[in-house]
Every structure is written in structure tokens, then in C-alpha cells.
Amino acid sequence: MKIGVCIKRVPDTETRIKIGADGKSIDESGVKFVLNPFDEYAVEEALKLKEQAGGEVVVVCLGTEASQETIRTALAMGADSGVLLKASAVPLDPLVVARALAAELEQGAFDMILFGKLAIDDYGQAVGTMVAELLGLPSVSAITRLEVTDNTATAQREVEGALEVVEFSLPAVVTAEKGLNEPRYPALRGIMLAKKKPLEIKEVDLDQGGMEVVELTLPPERKAGRIVGEGPDAVPALVDALRNEAKVV
Amino acid sequence: MSELPYFTAEHQQVRDLVRDFAESEIKPVARELDLQSKFPWENVRKMGELGLLGSTWSVELGGAGMDYISYIIIVEELARVDASHSITCSAHTTLGTSPIVQFGNEEQQQRYVPLLASGKVLGGFGLTEPGAGSDAGGTETFAEDKGDHFLINGSKIFITHAGVGEIFVITARTERKPAKRTGGISSFIVTKDTTDLAEAEAVGVGHDPDLVKTPGVTAGKKEDKMGWRASDTRELVLEDAVVPKENVLGEPGKGFINFLKTLDSGRIGVGAIALGLAQGALEESLKYTSDRKQFGRTIASFQNTQFALADMATEIEAARHLVYHAAWLYQNGKPHTTAAAMAKLYASEACMRATTKAVQLHGGYGYTTEYPVERMMRDAKVNEIGEGTSEIQRLVIARDLLKDYAVA
Chain A
1 MKIGVCIKRV PDTETRIKIG ADGKSIDESG VKFVLNPFDE YAVEEALKLK EQAGGEVVVV
61 CLGTEASQET IRTALAMGAD SGVLLKASAV PLDPLVVARA LAAELEQGAF DMILFGKLAI
121 DDYGQAVGTM VAELLGLPSV SAITRLEVTD NTATAQREVE GALEVVEFSL PAVVTAEKGL
181 NEPRYPALRG IMLAKKKPLE IKEVDLDQGG MEVVELTLPP ERKAGRIVGE GPDAVPALVD
241 ALRNEAKVV
Chain B
1001 MSELPYFTAE HQQVRDLVRD FAESEIKPVA RELDLQSKFP WENVRKMGEL GLLGSTWSVE
1061 LGGAGMDYIS YIIIVEELAR VDASHSITCS AHTTLGTSPI VQFGNEEQQQ RYVPLLASGK
1121 VLGGFGLTEP GAGSDAGGTE TFAEDKGDHF LINGSKIFIT HAGVGEIFVI TARTERKPAK
1181 RTGGISSFIV TKDTTDLAEA EAVGVGHDPD LVKTPGVTAG KKEDKMGWRA SDTRELVLED
1241 AVVPKENVLG EPGKGFINFL KTLDSGRIGV GAIALGLAQG ALEESLKYTS DRKQFGRTIA
1301 SFQNTQFALA DMATEIEAAR HLVYHAAWLY QNGKPHTTAA AMAKLYASEA CMRATTKAVQ
1361 LHGGYGYTTE YPVERMMRDA KVNEIGEGTS EIQRLVIARD LLKDYAVA
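Read top to bottom, the protein sequences are chains A and B.
Each step along the first sequence adds one to the number in the numbering used here, with nothing skipped, and position 129 is 129.
Every position in the second sequence, counted from 1, becomes a number in the numbering used here once 1000 is added.
Accuracy of the hints is not assured; some may be wrong.
Sample of chain A residues at the chain B side, in silico, Cβ under 7 Å [claimed, not checked]:
#, residue
1, Pro186
2, Leu188
3, Met192
Straight-line distance between alpha carbons at most 25 Å, and here's what the computed DSS-like set of lysine-lysine pairs gives [said to hold, decoys possible]:
#, chain 1, residue 1, chain 2, residue 2
4, B, Lys1254, B, Lys1146
5, A, Lys48, A, Lys178
6, B, Lys1027, A, Lys178
7, B, Lys1180, A, Lys195
8, B, Lys1381, B, Lys1027
9, A, Lys50, B, Lys1027
10, A, Lys195, A, Lys48
11, B, Lys1046, A, Lys48
12, B, Lys1381, B, Lys1225
13, A, Lys223, B, Lys1287
14, B, Lys1213, B, Lys1146
15, A, Lys32, B, Lys1287
16, A, Lys223, B, Lys1293
17, B, Lys1177, B, Lys1225
18, A, Lys32, A, Lys18
19, A, Lys2, A, Lys195
20, A, Lys86, A, Lys196
21, A, Lys202, A, Lys2
22, A, Lys18, B, Lys1293
23, A, Lys196, A, Lys50
24, B, Lys1180, B, Lys1038
25, B, Lys1221, B, Lys1334
26, B, Lys1146, B, Lys1287
27, A, Lys2, A, Lys197
28, B, Lys1027, A, Lys32
29, A, Lys197, A, Lys48
30, B, Lys1146, B, Lys1177
31, B, Lys1225, B, Lys1180
32, A, Lys32, A, Lys2
33, B, Lys1046, A, Lys178
34, A, Lys18, B, Lys1287
Computed far set for chain B versus chain A, every beta-carbon distance over 10 Å [claimed, not checked]:
#, residue
35, Trp1041
36, Gly1204
37, Lys1225
38, Lys1261
Derived from the structure by calculation, the hints contain no laboratory data.
Beta carbons are placed, not taken as given, at the ideal position from N, Cα and C, and that holds for glycine.
Next comes chain B alone, as it looks inside the complex (with noise of 0.2 Å):
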């Protein structure tokens, strides 16, 4: 592990916490969880009773008052043995929790928070719709005002959590015809039942029959992904849902604003998945090559193994710094949003190559299940795709590069 500026002690700590935890909870799971495609409750359980799923909140609300390079730490961590229960994590924290404690009232902050950070229940966040992904511009929920509540009726696709979540901040139109195109787009937050009840109700968390639920939000069918496959991503259904005024998330229509800052946040959060990916893929190599013999000699004292292994480890380090440097950024309040970019983008791209270099160095048995090296490899694809695409992540970085010139 190198030594970077940004680690404390205490930041070590929380990387022995979840490296411990990730190798003899998850790690014995992943491959199952993965073929079967199952969520994994009893660890969201565990996550949740050692503080991993509200590590930055306050205590007051439920958190363990720890700081963002902490959180990141976590992701890494748990993406260096398995994508899935890393993108759970991050998802329900900065998509999920982040909005509602970033823009959220003191009351909405008291009512749902806690419940998310302790992991009681699961949160997730719905922005992307069949028309407006990337272009967020093409919203087309609607939320109608009726005086005394909104009537909100759309479609959000790929969410994560939408199946096993109960609570969701959801970006909707509140003018039909707004002067600027990402004018007049607010956040509300609404709540269903988990489409999981009676895993949840095994495990104890999950589920929370107290919570009011919105009438008219529900869960689409389950996509069938290539990779993190063990986490949940489904289509959340707006249906003639009544949503009090009181769930308006922040200021109407800043709902485009909002959304754009949890983004930059979530998008250190991809970089840290790709980045503990593409670690554990070099790690995986690293043990697989000095035990497997070819002609004699173990297939790591070949130049070309070397090689590749080099190229691996320097292109994971070169995104460490990157994904630190941004989470440093983000927590010391500095303008992050061109370093959140170049560090998903660059982590993300780095993590493509590190994984599909473990398969070939692994040969056959990495086109197998029985080596890791094949999920790794199929759950890194995503990073180059969710929470803004590479294209995107390089117009961002091109927009802050050209802004003093005048491109038309």
C-alpha cells in the first residue's frame, strides 16, 4: 500500500477495518452472489452495524462523523474484493443519503437520515430517464402542482436500489415550458417498500414498516447486467404518486444545480470502485502468476509477465493519486468538479485495461468462474459508463479547459 499525503492513522485504520471485513465476509460470497445475481442482505447488515453505510454523516444523525477520504477508503476497499457490495455501499451513500443531508430541511434530515445511516433501510437516487441520461435536460417526469401536493407521474431507469431501497431523492419537471432547458426541475423525496420483504425481515434490516410510504412508487423488473450483478438496478415507477409538499428536496427548481453536485461527488466515489477493481485484479494477477508454471518456471519470472504487471500497478497508482487528490479536493470545500472527472474518467479507463490484462495473464482459468479475474473484469465495464460516461467525464474536463476561449 503506498503512502500518500492525504492518510492519517486513523485513516489506516478504517482501511485494516473493511480490508479485514471484505476478505472474510465477502470475499467467501462474491462468486455465488454474482452467478446467482442475489443481493447480499446479511453483509448490508453487517455494512450497516460497522458504520459502513453512514461513515461521513454526523453522529447526531446517525453517522460515525468520519471524513470523505475515510469513505472513499471504504469504497476502494470493498471494490478491491467485490464491485457489488462496493457500488451498494456508494450508491445508497452518495446518491441515496448525500442529497437529502446536502439539501435537505433539518425536518427531512431528522426523518430519513438516521434510517439510512445506520443501514435500516437502503436509499438510492432516480435522475436517469429513457429520454435523459447524460443529458438531464430531457426530463420528462412530470410533477404536477395540486395545492396541497405534487402529482408525479414518470419513468427512472437503471437505479440502483429501486428493487431493494425504500427511500429515493427523483429529479422531476415542475414547469412545462421553462426558460432555460435545465430550468424548472425540482427534487422530491418519495419512499416504497422494498421489493425484498421477507429477506429483509430475516436479516432485520431492510425493511421499516413505519416509514410512510408515497402511493404510486414502485419498482420495474430487475435488469439482467453483466456485471454488478449482485447489486440491484431496476426502473423506479412514478404512478400517479402523491407526494406532500413537505418532500420537495431543497429549493424548486435548483433541482438541475443539486443534482450536478451530488454527481461530482458520486462520480469520486465510481473512481474509487474502478481503482480498488483494478488493485484487487493486480493482486489476483500478482499471486497467479508466481505460482503457475510454464516450461519450467513459474509464468511471473517471464519478461512479458513483468511487463504487464509493471503497466498494471503504474497505471493503479497514477489513479490512486487522482482519487485522492479529488476526495481531498471535495473535503477541504475546493472546486473538485474537473479533478472528480479526470479521476473517474482516468480510474475508470485504467481499471478496463488492469482487469482484462488479469484474464489474459491468467489464460484460460481467467475465462473461467473459479478465478475472480472474469467478474473483475466484466464488473469493470460499467465504471466506464455509470454516473456519466468516459465522453462525458471528457466534455466536463474540455468545458473547464475552453472556458476562457471563446469556442463556438
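So that you can see chain A by itself, here it is in the shape it has in the complex (with noise of 0.2 Å):
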């Protein structure tokens, strides 16, 4: 079985993020990027099929050179070998993404590619399934199981209130969400088997497509709360200040 994953390179969760001088990006400086919290349950995903059904995972990255990083995690954790699209900045419109990860994608005669659901530095959710698209692939998106028999694939996904259970034939592709899995530590003897292990780099020309970003502001700093008293007694004024004040009941 041949797998693919796609996988980005994001600001760790923690990072306080701070606005750029020019007002449409995000100073990198001192930010500790991580492979996407999201790309990690696929990455772990991939390695569950081949351990359970063999071939090889291979992992695929469109991002900056510091991408490496990214893709040695990856391969650190158990995946074989790492494509790296090396662009001078990754563009905001998940369309230019995902036809240059199509194209790669195209000629590696991959059983299924997986995906994180997002990427949690812009939230997107796009990329997964435009990749599909543009492959002509079935495709199932926000997984959180999946089992794999021969040509068909049998995945569940959580919708409102309820589990919707999604079966589809091979080659496919699905997007990891939280609950999947628990992703593995990648060991220490991954670390230093992932050096050796194949990373490589092809340059890709991408056009902005048709998004840009005008300008970026951080969300307003959450008001102080107010406690309006303690125990049963002071019920009607928190209803009251929830109705009057706040107007959320």
C-alpha cells in the first residue's frame, strides 16, 4: 500500500503571535514552528495502515525551506521518504496549493493520501478536499476512524448529534480530525534514522491566485470578568446580566 501525507508547517499552538511591520503577516521572529497538530494524527494514521497492511508512507510538504524541519518530524515518526515543494512563501489561496500538491501527488500512484483536516495557522480546511477534486478521488473529510480492507476503505466522521459512517472505494483521500488516533512521539532512534532517510527538495513557481491579504489584527483582549455573587442567591442577577447586559439569553 502506498501512502501519501500532505503536511504543513505552522506556528506552535503556544506562540503569542505578533503582527509584522507590514501589517499582512506575522513576525516569525522567535516563533517555534511544529509540524500541524492536525497533520500529525494523519502522519500517525499512515503509519497505523502500513504497519498493519506494509508499503512505504511518504510524506509530502509545500512550504519555505525551514519545511525540512517539518518533514524530518514526519519522518522521525516512522514515515520512509519526503517531498519538500520548496516555495518562497506558501500563498494564502488553498486552490494554488492544492493543484501544486495535485500535481505531485498525480505521479506517485498513491492508495491514499490523508490530510489534516486544517491547518491551525489559517484555519482553511480546504486543501484536502480540493486535492481530491482535482485528482477525481473520492473523498472523506474530518475523520475520526478509519479501516482499511483490500480496495475499500470504511471511514466515520462526527456530524450533529450523530456518527455518519462512510464507506469508499481505493484510492481516496480523507482528512484527519482530532480523536483519530493518538499520535506517536517520534523516538530517538526515529530522529536518527530520519537523517539518513530520503528528503527530496523540487522547486515550485506558484502564482498568489486569487486571494490576498489585506490586513491582519489580533482579536480584542477578552474583558475582565465580574462575579456577581455567590450560591443560589445571586442566580437572578447573573440571568439578569446575562439577558440585559450581555444579551446572550
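Please assemble the complex out of the two chains, which come individually in their own frames, going by the hints.
Now the structure itself:
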């Protein structure tokens, strides 16, 4: 089974984001970058599929030179090889990214392609399904369970108040939701082995597509809370505040 | 995190891994383990799986094949969250395993190192005695030559893992009246069953039933310590211990020289524990002082707080340079005895100052177990004592300074 996983390098969730001088990008100085957490689920699921059915796991990343580190993390977890589609910047337009990834994946004869359901930097939640569409493959997004038998697979997704079970044939594209699995740590030996695994770098030339960042602003600071009282006696005051001040009930 | 010339991209990966592990698996349980003085078996298993208990040994011997600086990073990052976990890793690695890797013959290495490197069983090192600590020449444990084996009698105190561990390197006299006071001391490998059989069986590591145990080796009572409370420290008792000749480690009579070498690298490890612990205390203080308000403003906005934080950070940075410089010298086979002593001396004293300051900055809360800084302050003290007190480090440094002068 040949499994592809598309990954992205994103700022660590605990990073305090500062906006750059141009007002359109984040200030990357001192920011720690990590493998997108949702992509970790995708890598883990790919490794489990490989452990079950044999085969190989190839990680593909569109990003700048620095994304090599992110690919090495996936290799240290256990992926077999990596491809960096090297661009000077990652465009915001998901269609541009999807086209570049699809062009690479098209040549790979993959049985299964996994994505994280979204990248935590832009929350676009679009690239995975766009790639499926471009490749003409079935796709299931935000899965919390995956089972593969020969050329068919069953995936589970959480929908409002229920679980949806989807059967589909391979090759296919799925995107991983939190809860799909518990990603493994890259063990020390994995880090050592990763150094020797193949990582191919291919230059790609991308246009910006149809989207442009006009301005970035931080969300307004949350105002301090107010304690209206304690115990059952405080309920009327709380209801009053919620109804007349906050206007939420 | 500061950039140092010693670090590669791979070192950063190791740091990320251990930091992530420590934050997710150790931080949530550190307080409880400390309060109950409970050995972290579950996390020992996890550390073994990640390769943290055999990082620097060759893949052939079951290790991860990493360099020494990677190991120091592991020790530092564990201590940043909990010193007990860190000493468990470092005592097992530098004290318990490294003498066998460094001085053991092929057969001894094959028999013991894979068990230790994988974390399947824990190891320790028995040097200190009631009458011999920093004065190793005072060793009284005696190994009597019985032809095909040695009969060893004596007692080793303050031994990390004496209870939980199964494989130990110990020192004993093989000559009653050697020409030199430090002569006639040999090293031996001895084994015993872990005291925590039930826990070990529950987690699946800590005990190897196939490992032949040395008759007459037992663990004494557990020490009730100020800090490092989740680490295991006990007496190791040798009572008519029957040790086969093949368990002599290294050249007979060279025990003293050998353990001096073991202690050199052990000191860099303790320096790394102190460094990580101090860094952890600084980060806790940054978080607390920028959150806690008094007189209508965060206490971090007061100049007194800022001065304290700046002093802590500067001393920690200095300690970091000393520790990693000593580690680099060691890794590259260069003389490192003085550098290791300086790194341990400075880092442990800076750590004591930093953790004490951290408690002060936390005020009343810092004195409670609600915040980790009181544990950090208790954990700091032993770094100035274990593996050579600060006073012994100063003697080691002075000996080197004065070596070309006649000092009567």
C-alpha cells in the first residue's frame, strides 16, 4: 500500500502571535514552528495503515526551505521518505496550494492520501478536499476512524448529534480530525534514522491565486469578568446580567 | 531558547521531543509523585520506549546511537519539568550503565547493556559508604578472593536506584593494605531483584527474571529526602555476596581511577539537571509575575521583579554555556575534569539562587505545593551535594589551577 500524507509547517499553538511591520503577516522572529497538529493525526494514521498492511509512507509538504525540519519530524515518527515542494512563500489561496500538491501526488500512484482536516495557522479547511477534486478521487473529510480492507475503506465522521459512516473505494483522500488516534512521539532512534531517509526538494513556482491578505489584526482583548455573587442567591442577578447586559439569553 | 554553537538541527529535534514528553506526561503527575515520594514506573516505561534511557549507546548495544550533547539536552529538558525524572534518567545512564560500556569486556557489555539501554531494568552505581564519600580512599567494602569467586561484604549508602534497580556497579577493596590509600580498589558488577516487583510487572519493565542475581545483595531502607522525592535512594547492602570472577569490571585494582572518570561525566549530568531546574523556575516566575496583580498592576511591571528575573536569566545563561562547553569537551575526547567541576559548581549554585528567588517572587503561594517552585527549591539543594559537593568541586578546580606551583 502506498500512502501519501500532506503536511504543513505552522506556528506552535502556544506561540504568542505578533503582527509584522507590514500589517499583513505575522512576525516570525522567535516563533517556534511545528508540524500542524491535525497533520500529526494524518501521519500517525498512515503509519498505522503501513504497520497493518505493509507498504510505504511518503510525506509531501509545500513550504519554504525551513519546512525540511517539519518533514524530518514526520520521518522521525516513521514515514519513509519526504518531498518538499519548495516555494518562496505559501500562498493563502487554497486552490494554488491544492494544484501544486495534486500535480505532485498525481505521479505517485498512491492508494491513500491523508491530510489534517485543517492547518491551525489559517483554518482554511479546504486544501484536502480540493486535491481530491483535482485528482478525481473520492474524499471523506474530518474522519475520526478509518478501516481499510483491500481496495475499500470505511471511515467515520462526527456530524451534528450523530456519527456518519462512509464507505468508499481506494484510491481516496481523507482528512483527519482530532480523536482519530494518539500520535506517537518521534523516538530517539527515529530521529537518528530520519537523517538517512530520502528527502527530495523540488522547486515550484506559484502565483498568489485569487486571494490577497489585506490586513491582519489581533482579536480584541477579552474584558475581565465580573463576579455577581455566590450560591443560589446570585442566580437572579446573573440571569439579569446575561439577559440585559450581555444580551445572550 | 538560546542558540549555542554546539547545537544541530537534530539536537533541536531531541529537545522538542523531550520537552513535549515532559510537558504532556511528567508535568501532570510531578506534584503527586513528589508528595507521595513515589517512583514514576509508568513514565520510566515511556522513557525507555522513547530511547531516553540509552540515548548515547550504540544501536548494537540497544541504544539510540546519539551523541553526548543529545544526552545532556535530555537531562536538562526532563529537569525543566521535574528533577526526579531527570536524576532517574541520568543516574541510570551515566552512573549505572556508562561504567559497563566504558570499562566492561565484550561479554559484560552484551549481557548487561541491552537490558539497561532499553530501560528493561534500571541500573545504579555504588561508591559512597558511611566512612567514604568524597574521600573514596576510605572505602571499607571488602572483596575477598575465594579462588573462583569474590566474597564481598560492606554497605553502600545514598545509592540511586538501590531499591528499584537490578544491575549495579560497585567498588570494593581487593587489597587490605595497598601501597597507596586509593590503590587496591576494584569495580564489580552485582545484581539483585527490584524491590518493586508488583509495580514492575504491572508496567512491564523494571524486572528481568532471566537475569542471574547475585546472592547476598539487598536494598536497605528508603531515604526520606528533602528533594528528588520521586527518585529512589537507598542503601545497597552486600552481605557475603558471592560475585563470580567474570563480574570484575575493568582491570583489578583500577577501580579508583575508573570511578573518577565516571564521576567526571556524572558531574556534567548534574550540571544539566541544575540548569534545567533553574530554567523551569525562571519560566514559572515569568508566568506568575506577569499574571499576578498587586497595587493594580502586574508584579512583573515592578523594577524589583524585573531585576530579579534578569539576574536569574543571566546566571542561567552562564550556566548553560559552562554545561554545554564541558559536554562538548567530553564528547570530543578533550580534557574536561576542570570544566565539568566548574559547570557543576556554578550551575548547581545558580540553580539554588534561581529557585529560591522563584519562591520569593511567588510570595505566599510559592511556599505552598499549589505551585511547583517550592518543589523546585527543595530539588535544587542536592545538586550542590550529590556526585561531589560544591566544596569538592572547588578542590578539583584549585588542584588544576595550582598544579604547576609547589603548594605544601
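Hints, one by one, checked against the model:
{"no.": "1", "hint": "Pro186", "in the structure": "holds (6 Å)"}
{"no.": "2", "hint": "Leu188", "in the structure": "holds (3 Å)"}
{"no.": "3", "hint": "Met192", "in the structure": "holds (5 Å)"}
{"no.": "4", "hint": "B:Lys1254 <-> B:Lys1146", "in the structure": "holds (20 Å)"}
{"no.": "5", "hint": "A:Lys48 <-> A:Lys178", "in the structure": "holds (16 Å)"}
{"no.": "6", "hint": "B:Lys1027 <-> A:Lys178", "in the structure": "holds (22 Å)"}
{"no.": "7", "hint": "B:Lys1180 <-> A:Lys195", "in the structure": "violated (50 Å)"}
{"no.": "8", "hint": "B:Lys1381 <-> B:Lys1027", "in the structure": "holds (21 Å)"}
{"no.": "9", "hint": "A:Lys50 <-> B:Lys1027", "in the structure": "violated (32 Å)"}
{"no.": "10", "hint": "A:Lys195 <-> A:Lys48", "in the structure": "holds (22 Å)"}
{"no.": "11", "hint": "B:Lys1046 <-> A:Lys48", "in the structure": "holds (19 Å)"}
{"no.": "12", "hint": "B:Lys1381 <-> B:Lys1225", "in the structure": "holds (11 Å)"}
{"no.": "13", "hint": "A:Lys223 <-> B:Lys1287", "in the structure": "holds (20 Å)"}
{"no.": "14", "hint": "B:Lys1213 <-> B:Lys1146", "in the structure": "holds (19 Å)"}
{"no.": "15", "hint": "A:Lys32 <-> B:Lys1287", "in the structure": "holds (18 Å)"}
{"no.": "16", "hint": "A:Lys223 <-> B:Lys1293", "in the structure": "holds (16 Å)"}
{"no.": "17", "hint": "B:Lys1177 <-> B:Lys1225", "in the structure": "violated (36 Å)"}
{"no.": "18", "hint": "A:Lys32 <-> A:Lys18", "in the structure": "holds (12 Å)"}
{"no.": "19", "hint": "A:Lys2 <-> A:Lys195", "in the structure": "holds (22 Å)"}
{"no.": "20", "hint": "A:Lys86 <-> A:Lys196", "in the structure": "holds (20 Å)"}
{"no.": "21", "hint": "A:Lys202 <-> A:Lys2", "in the structure": "holds (20 Å)"}
{"no.": "22", "hint": "A:Lys18 <-> B:Lys1293", "in the structure": "holds (24 Å)"}
{"no.": "23", "hint": "A:Lys196 <-> A:Lys50", "in the structure": "holds (20 Å)"}
{"no.": "24", "hint": "B:Lys1180 <-> B:Lys1038", "in the structure": "violated (42 Å)"}
{"no.": "25", "hint": "B:Lys1221 <-> B:Lys1334", "in the structure": "violated (40 Å)"}
{"no.": "26", "hint": "B:Lys1146 <-> B:Lys1287", "in the structure": "violated (62 Å)"}
{"no.": "27", "hint": "A:Lys2 <-> A:Lys197", "in the structure": "holds (17 Å)"}
{"no.": "28", "hint": "B:Lys1027 <-> A:Lys32", "in the structure": "holds (21 Å)"}
{"no.": "29", "hint": "A:Lys197 <-> A:Lys48", "in the structure": "holds (19 Å)"}
{"no.": "30", "hint": "B:Lys1146 <-> B:Lys1177", "in the structure": "holds (18 Å)"}
{"no.": "31", "hint": "B:Lys1225 <-> B:Lys1180", "in the structure": "violated (35 Å)"}
{"no.": "32", "hint": "A:Lys32 <-> A:Lys2", "in the structure": "violated (32 Å)"}
{"no.": "33", "hint": "B:Lys1046 <-> A:Lys178", "in the structure": "holds (23 Å)"}
{"no.": "34", "hint": "A:Lys18 <-> B:Lys1287", "in the structure": "holds (18 Å)"}
{"no.": "35", "hint": "Trp1041", "in the structure": "holds (19 Å)"}
{"no.": "36", "hint": "Gly1204", "in the structure": "holds (17 Å)"}
{"no.": "37", "hint": "Lys1225", "in the structure": "holds (29 Å)"}
{"no.": "38", "hint": "Lys1261", "in the structure": "holds (25 Å)"}
Checked against the numbered hints given earlier, the structure breaks hints 7, 9, 17, 24, 25, 26, 31 and 32 and satisfies all the rest.
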